[in-house]
Amino acid sequence: MVEDDAKSGRLDALLLELRRGALVLAVLAQLDKEEYGYSLKRGLADAGLEIDEGTLYPLLRRLEGQGLLTSEWLIAEGRPRRYYRISLEGRRIRTALAGEWKNLNHVMKGLLP
Amino acid sequence: MNLQGDAAELLERYLWHVERRLPKRKAADVILELDSLMRDQLEAQAEALGRPIDRAMVVELLKSMGSPRETAARYHPQASYLIGPGLYPAFLKTLGAVSLALALAAFIPVVMALIAGSGGDLGWVLLRGLGTFVSSFWSSLGVLVLIFAVMDRRSSGDGIGKPDEWDPLALPEQPRRPADRVSMVEAWLEILGPIFLLVLLNASGRFSPLMRIPALTRITLADLGIHLPMAWVNGCLIAQVALGVAVLRTGCWNIGLRWAKILLGAFNVGILVWIAFHVGHPAAESLVHVMPLPVAHLVLQMMHIGLRLAPLLALVLLLKEVWMLVRSGFGRS
Numbered sequence: 092m093v094e095d096d097a098k099s100g101r102l103d104a105l106l107l108e109l110r111r112g113a114l115v116l117a118v119l120a121q122l123d124k125e126e127y128g129y130s131l132k133r134g135l136a137d138a139g140l141e142i143d144e145g146t147l148y149p150l151l152r153r154l155e156g157q158g159l160l161t162s163e164w165l166i167a168e169g170r171p172r173r174y175y176r177i178s179l180e181g182r183r184i185r186t187a188l189a190g191e192w193k194n195l196n197h198v199m200k201g202l203l204p
Numbered sequence: 006m007n008l009q010g011d012a013a014e015l016l017e018r019y020l021w022h023v024e025r026r027l028p029k030r031k032a033a034d035v036i037l038e039l040d041s042l043m044r045d046q047l048e049a050q051a052e053a054l055g056r057p058i059d060r061a062m063v064v065e066l067l068k069s070m071g072s073p074r075e076t077a078a079r080y081h082p083q084a085s086y087l088i089g090p091g092l093y094p095a096f097l098k099t100l101g102a103v104s105l106a107l108a109l110a111a112f113i114p115v116v117m118a119l120i121a122g123s124g125g126d127l128g129w130v131l132l133r134g135l136g137t138f139v140s141s142f143w144s145s146l147g148v149l150v151l152i153f154a155v156m157d158r159r160s161s162g163d164g165i166g167k168p169d170e171w172d173p174l175a176l177p178e179q180p181r182r183p184a185d186r187v188s189m190v191e192a193w194l195e196i197l198g199p200i201f202l203l204v205l206l207n208a209s210g211r212f213s214p215l216m217r218i219p220a221l222t223r224i225t226l227a228d229l230g231i232h233l234p235m236a237w238v239n240g241c242l243i244a245q246v247a248l249g250v251a252v253l254r255t256g257c258w259n260i261g262l263r264w265a266k267i268l269l270g271a272f273n274v275g276i277l278v279w280i281a282f283h284v285g286h287p288a289a290e291s292l293v294h295v296m297p298l299p300v301a302h303l304v305l306q307m308m309h310i311g312l313r314l315a316p317l318l319a320l321v322l323l324l325k326e327v328w329m330l331v332r333s334g335f336g337r338s
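Each protein sequence line maps, in turn, to chains F and D.
Remember, this note's numbering sits 91 above the position in the first sequence when you count from 1.
Remember, this note's numbering sits 5 above the position in the second sequence when you count from 1.
If you are wondering where the hints come from, they were derived from the structure by calculation, not from laboratory data.
C-beta atoms are modelled at their ideal positions from N, C-alpha and C, and glycine is treated no differently.
Heads up, a few of these hints could be off.
[Unchecked claim] The calculated label-pair distances, taken between Cβ atoms and stated as ranges, are: (1) L97/D / W192/F: 36 to 44 Å; (2) L165/F / E52/D: 15 to 23 Å; (3) L179/F / L97/D: 32 to 40 Å; (4) G147/D / K193/F: 46 to 54 Å; (5) I200/D / L102/F: 36 to 44 Å; (6) I200/D / D137/F: 49 to 57 Å; (7) R170/F / L151/D: 42 to 50 Å.
Required output: the full structure, derived from the provided sequences and hints.
Next up, the structure:
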């Protein structure tokens, strides 16, 4: 039982690690138009990428801190919301990441049984 | 759909516990955004379920977010550290206080020796003081880093771990008045102050061996005529550490903790009065093996003045606590 839990925990950690890099690219891909945190989460979920809020919201802040996103506070539906959009630098990084992603995808197809 | 009643209170309580763990410069902005995001999520969930937002929905969301400690940690970009962001401000404050104490301990004997004209060559005396300070500072820095690194790893906070391992309903309530709030730095100082005194007073009955000042480490409290009721002193200090831990957990001075602080404060006054009445009057000549006679006279005089002022100082602090309790309307406001 304990061993099963440990194995499951290890798998979760590996899956998380695998998804982490893809997550940045997915977020950058979604922010050509302004989105606030929850609408972005819903958009990603609709596209098939479930991401928990505890990971997404700090990630947005981090990407903004790195200059890949810009943000502004707007009042929408009677509530202040912080809207994010990809920056010029973010677009440049996204292009590079997307190229690497496609390359990796091609390589992995050849490697995986 | 509006968030109301106990569901709103629980969300606000969670946000307050996150806020007190964030750096001040970005706390307000992060909390405003988190509040907005969580309300969006709750409204969407309520709409999907076709019922108003209730406490159970908030509990479920908070569990998925993780404990306040985890959430706050995610907003810190540092990937690895010896002392985490939660404890680092307290570490810096403690290091500052210890450095000041070490500087005083290293240079006061130098100044006194110079006043008494027994210090010898001025440059050599100053260098000796500086050397004492530098060596004791490095030792203390190492010990403090070790203590804080261990505390950082052992601190359980309010349920760090897997999201389903923490219970949002167990979060301590947030204080009603800003004056009752306690920052992480203040809470840690409440714990570390008594621990420092415990180490100092129990180090073989001598002044701290960490100071590495030969003159001081060769003097015992008994040499100075000070007799401490150690069982009572230790009991009081341990109770103060426990009080500090409780304050760290709750993040505020609630009515129970204020009463506990007042009781301990009264106990402190009692102990200090007892010490002042039982202080001996050793002859300055008995200290000539560690310091010149004029310095010994000065040290004993200063010590006697200090021992008489200490109960008064403790009384002032006690009265301040009583005043804080009265201002809070005995917890009714």
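Taking the hints in turn, this is what the structure says about them:
1. Checked against the given bound of 36 to 44 Å, the beta carbons of L97/D and W192/F, roughly 42 Å apart, stay inside it.
2. Roughly 22 Å separates the CB atoms of L165/F and E52/D, a value that falls within the hinted 15 to 23 Å.
3. Look at L179/F against L97/D: about 38 Å separates their beta carbons, and that is inside 32 to 40 Å.
4. For G147/D and K193/F, the Cβ-Cβ distance of about 51 Å falls inside the hinted range of 46 to 54 Å, so the restraint holds.
5. The hinted window of 36 to 44 Å between I200/D and L102/F holds, with their beta carbons roughly 42 Å apart.
6. Between I200/D and D137/F the beta carbon distance is about 53 Å. The supplied range of 49 to 57 Å therefore holds.
7. Separation of R170/F from L151/D is about 47 Å and conforms to the stated range, judged on CB atoms against 42 to 50 Å.
Checked against the numbered hints above, the structure violates none of them.
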